[in-house]
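Listed in order, the protein sequences are those of chains A and B. Using this note's numbering, you'd call the opening residue of the first sequence number 1 and step up by one each time. Using this note's numbering, you'd call the opening residue of the second sequence number 1 and step up by one each time.
Be careful, since some hints might not be right.
[Said to hold, decoys possible] SDA-like mimics (lysine to any residue), calculated; alpha carbons at most 25 Å apart, straight line:
hint, chain 1, residue 1, chain 2, residue 2
1, A, 536, B, 29
2, B, 8, A, 75
3, B, 8, A, 10
[Claimed, not checked] Just a few of them, taken from the derived set where beta-carbon distance is under 8 Å, the chain B residues facing chain A:
hint, residue
4, 99
5, 102
6, 191
7, 248
8, 249
9, 333
Just so you know, these hints were derived from the structure itself, not from any lab. Treat the numbers as computed from the prediction; the structure is a model and nothing was measured. All residues carry an ideal CB built from backbone N, CA and C; glycine is no exception.
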Amino acid sequence: MKPTDTRHPDYYHKVVDCQWACPAHTDVPEYIRLIAQGRFTDAYMVNREANVFPGILGRVCDRPCEPACRRTRVEQKPVAICRLKRVAADHKDEFRARLPKIPKLRNGRKVVCVGAGPASFTVANDLMPLGYEVTILEQLAEPGGLMRSNIPSFRLPQSVLDEELGVIVGMGVDLRLNSPVRSLRELLEKGGFDAVFVGSGAPKGKELKLPGRAEGGANIHIGITWLESVAFEHVKAIGGRVLIIGVGNTAMDCCRTSLRLGATDVKVMARKPRQFFKASDWELEDAEEERVEIVVNRSPKAFVVEGGRLRGMMFDVMEYDLDARGRITAERMTGEEFLPADDVILAIGQENAFPWIERDFGIEFDKWDVPKVDPVTYESTRPGVFFGGDSAFGPKNIIWAVEHGHQAAISIHQHCQGEPVTARLAPGVTLQSRKMGMHEWSYSNDYNPAERRLVPHVSLKERFKKLNIEVELGFTPDQTADEVQRCLNCDVQTVFEAKLCIECDACVDVCPTDCLTITHGGEEADLRTRLKAPAKNLAQALFVSEPLRQTGRVMVKDEDLCVHCGLCAERCPTAAWDMQKSFVHWPHAEDQPAPCHPQVKTA
Amino acid sequence: MTFIPKPKVRHPSLPKNDLGFTRRDYEGALTTLCAGCGHDSITAALIEACWGLSLEPQNVVKLSGIGCSSKTTAYFVSGGHGFNAVHGRMPSIATGANAANRELHYIGISGDGDTLSIGLGQFCHAIRRNVNMLYLIENNGVYGLTKGQFSASADIGTRAKKGDVNQQAPIDPVQLAMTLGAGFVARSFSGDKEQLVPLIKAGLRHQGFALIDVLSPCVTFNDHEGSTKSYAYTREHYEPAVQADFIPFEREIKADYAEGEALPIVLHDGSRIVLRKIDQGYDPTDRIAAAAHIQERLKANEFLTGLLYVEPGQREFHEVNGTPAGPLNRVPYEKLSPGSKGLEKIISRYR
Numbered sequence: 001m002k003p004t005d006t007r008h009p010d011y012y013h014k015v016v017d018c019q020w021a022c023p024a025h026t027d028v029p030e031y032i033r034l035i036a037q038g039r040f041t042d043a044y045m046v047n048r049e050a051n052v053f054p055g056i057l058g059r060v061c062d063r064p065c066e067p068a069c070r071r072t073r074v075e076q077k078p079v080a081i082c083r084l085k086r087v088a089a090d091h092k093d094e095f096r097a098r099l100p101k102i103p104k105l106r107n108g109r110k111v112v113c114v115g116a117g118p119a120s121f122t123v124a125n126d127l128m129p130l131g132y133e134v135t136i137l138e139q140l141a142e143p144g145g146l147m148r149s150n151i152p153s154f155r156l157p158q159s160v161l162d163e164e165l166g167v168i169v170g171m172g173v174d175l176r177l178n179s180p181v182r183s184l185r186e187l188l189e190k191g192g193f194d195a196v197f198v199g200s201g202a203p204k205g206k207e208l209k210l211p212g213r214a215e216g217g218a219n220i221h222i223g224i225t226w227l228e229s230v231a232f233e234h235v236k237a238i239g240g241r242v243l244i245i246g247v248g249n250t251a252m253d254c255c256r257t258s259l260r261l262g263a264t265d266v267k268v269m270a271r272k273p274r275q276f277f278k279a280s281d282w283e284l285e286d287a288e289e290e291r292v293e294i295v296v297n298r299s300p301k302a303f304v305v306e307g308g309r310l311r312g313m314m315f316d317v318m319e320y321d322l323d324a325r326g327r328i329t330a331e332r333m334t335g336e337e338f339l340p341a342d343d344v345i346l347a348i349g350q351e352n353a354f355p356w357i358e359r360d361f362g363i364e365f366d367k368w369d370v371p372k373v374d375p376v377t378y379e380s381t382r383p384g385v386f387f388g389g390d391s392a393f394g395p396k397n398i399i400w401a402v403e404h405g406h407q408a409a410i411s412i413h414q415h416c417q418g419e420p421v422t423a424r425l426a427p428g429v430t431l432q433s434r435k436m437g438m439h440e441w442s443y444s445n446d447y448n449p450a451e452r453r454l455v456p457h458v459s460l461k462e463r464f465k466k467l468n469i470e471v472e473l474g475f476t477p478d479q480t481a482d483e484v485q486r487c488l489n490c491d492v493q494t495v496f497e498a499k500l501c502i503e504c505d506a507c508v509d510v511c512p513t514d515c516l517t518i519t520h521g522g523e524e525a526d527l528r529t530r531l532k533a534p535a536k537n538l539a540q541a542l543f544v545s546e547p548l549r550q551t552g553r554v555m556v557k558d559e560d561l562c563v564h565c566g567l568c569a570e571r572c573p574t575a576a577w578d579m580q581k582s583f584v585h586w587p588h589a590e591d592q593p594a595p596c597h598p599q600v601k602t603a
Numbered sequence: 001m002t003f004i005p006k007p008k009v010r011h012p013s014l015p016k017n018d019l020g021f022t023r024r025d026y027e028g029a030l031t032t033l034c035a036g037c038g039h040d041s042i043t044a045a046l047i048e049a050c051w052g053l054s055l056e057p058q059n060v061v062k063l064s065g066i067g068c069s070s071k072t073t074a075y076f077v078s079g080g081h082g083f084n085a086v087h088g089r090m091p092s093i094a095t096g097a098n099a100a101n102r103e104l105h106y107i108g109i110s111g112d113g114d115t116l117s118i119g120l121g122q123f124c125h126a127i128r129r130n131v132n133m134l135y136l137i138e139n140n141g142v143y144g145l146t147k148g149q150f151s152a153s154a155d156i157g158t159r160a161k162k163g164d165v166n167q168q169a170p171i172d173p174v175q176l177a178m179t180l181g182a183g184f185v186a187r188s189f190s191g192d193k194e195q196l197v198p199l200i201k202a203g204l205r206h207q208g209f210a211l212i213d214v215l216s217p218c219v220t221f222n223d224h225e226g227s228t229k230s231y232a233y234t235r236e237h238y239e240p241a242v243q244a245d246f247i248p249f250e251r252e253i254k255a256d257y258a259e260g261e262a263l264p265i266v267l268h269d270g271s272r273i274v275l276r277k278i279d280q281g282y283d284p285t286d287r288i289a290a291a292a293h294i295q296e297r298l299k300a301n302e303f304l305t306g307l308l309y310v311e312p313g314q315r316e317f318h319e320v321n322g323t324p325a326g327p328l329n330r331v332p333y334e335k336l337s338p339g340s341k342g343l344e345k346i347i348s349r350y351r
């Protein structure tokens, strides 16, 4: 195995599992340390730089960071990264003065965003400080997109949404509500815009065409449309017995919303066993806490309508054979079951829909009728038209929409400056030592064995009284103080300098998780078998040093279980190991060469 | 954060020994020796060996005298018994303890000062009595605890940190033990655990006095250029003569040894040490030839390492003295006390 090239920007970035897993590359350990110091506003700003909506995401993010958290490999539960983000957002002070100044003199370029969701708002957030005039067109009466229409207010209060969107609108964005776009061609030809960003989401809920669908139509609802009607108060009640078809996160929102609109018996119907559910674990837990029943192995067969009114649904009872790896190898029906219901909500997925984009002027669609979008530049096949969020690659989540927005903003900036959209700055990493003295590091390096804290909830008695009572109360100060200490500071990297090593084994002997080995070089597969502790997690890198001076052996570090306690560096007599904080520079539009210096070009 | 103990968190898939313990269960307190001290590596090797032999921690006795080395006993098997003796007097304590309870595992840790200066006589008599113990010298050639003066094992010509050159001949514990008739004599290096761990295991299983002289660089006072006990110098001048692989009784010999290269030595409990000669001219079972060879190599500035001499089947302390078969605390009172008639009989023998 060749010596590891730690200068590659991905190497240390990958060690910070949460940051690597975050589509927007939020510097999680950094903001957790700031929270630990009570610097909530600073923590909020670290977040905002990457993910733009800390208050919103601190409540409803899909949190890809948490399953990735190294803590899950040392013990079971990850750090409550998402809920700590909310702590920063809830306790921040005035921060607007820290936002980039919006230049009075505009650069003369106009950008229009279709749809007022997280992707469009991120584009505006990135481009306004650069002097662009950004217009957002929204068909509904309120901005926020899916964040407002689909996420119930008992999970995401309107006030939080209003505040964070308001900050961006306050930059001078021309937000036009109740302004549906009927024709992209018209917008391009008559609008006078230099670039168009399509962030209109995936607004079409999937249909379930079964017998009785038309006859029972009055009581059969499409999940996302129904949630939108609830959000805008067009729907205020539902029947007592409700069946939700599908078991994704939308289904969870539908069942919990039903409970707040008068339903007393809500069942979520799943075709497959629990391990195949699409909903996040925590959303399932929250729904089950509210006594929603989740019924598995029931495949919808027909809507049962009697006397012109929906009476319930007929299901096939399913049975599955699984192989050793848990995959379904065979399925069969073992019977039928009728479940009575007053209303049925379909939450089986959603799709993009672009009836307003003409197919004859350069925007190509693929065989699924989805526009062809470049996965790096987010540009469509027509220069100057960009896609992001759910409208680019189908339904994902808010944090992905934000990152799409960041990347599209870079492309729009390049496009408007007459530069190639592919000329993008590469990411980088810088390191800074955290050594303060012989045994002193400027971070809390001790391993804290505290268990994950649980966010307190409003009691089951109280929470159903009104639709918009936020169920989660957020961490208490004591809980916050404990939870922040669970973070392993994975961004404080163990940096090794082979030429200083005298092979005394001090680091190898002191490492609490047996990450280090000094041994003879070899191929990775072979090396992994010769380490001090098994290195079976192939997703985690092995660091291999240059040959050591005295014996020519190599220092090998299995990154998998390092708890970043710094003892290797503390016990090193020659400072061959050092603990250095890695800063990942993930470029945004503002980092691209300034428009007033067009002669500065990147490769 | 400043000066944290080694966190209790461990690798979740650490291997377990026959008792269900991981290596971490054989640790002790966090070392207070200098960062990079060779002694700490030896501690890690001791932990590995005790874990590998599945010793019950409560059956381990750690004894030491005075010096940096003698702090080691605090740093491994915290569940064992420990005794920090007066300077150089560890062998007496070990002899006494061993006489009283022959069933425990005795590990004496000493340094070159503790063994070769103030405790030289004690050391020699422990060998002479063939006390059943592992005697491990952490040998760094200096008095680290008193700021790095030359010790009795400093080689002629070695240079101190401040520049003095040693003119006096060293005492080599390995050669001394050979002449005194020790049945298990080894030399190793703190920086070579692959060699050291099996040696410690074999030494612990050897019936009788087992000496391991471990070159253990003092990172603070004796790791500079001109020192003959630095990490770099030791690595350049140490020459493994025999590799000893320790194979417990319960396990089959799986490794494939070419004929003539491997020499299995069966210990009293049926476990084996398989010696693989690296230096073909060397015979670790011939005391006189081995002693001559060690001396020759030393003259050529080479530290010969490995299990340099082994002679299983020697009669150890208890056999020689005909002591009871078990620990004295399990000898029943009736047997301990001869009664008044018995006492009369004994006394009459001296009349």
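#### Entry: Structure versus earlier hints - violations, ascending order
1, 3, 4, 5, 7, 8 and 9
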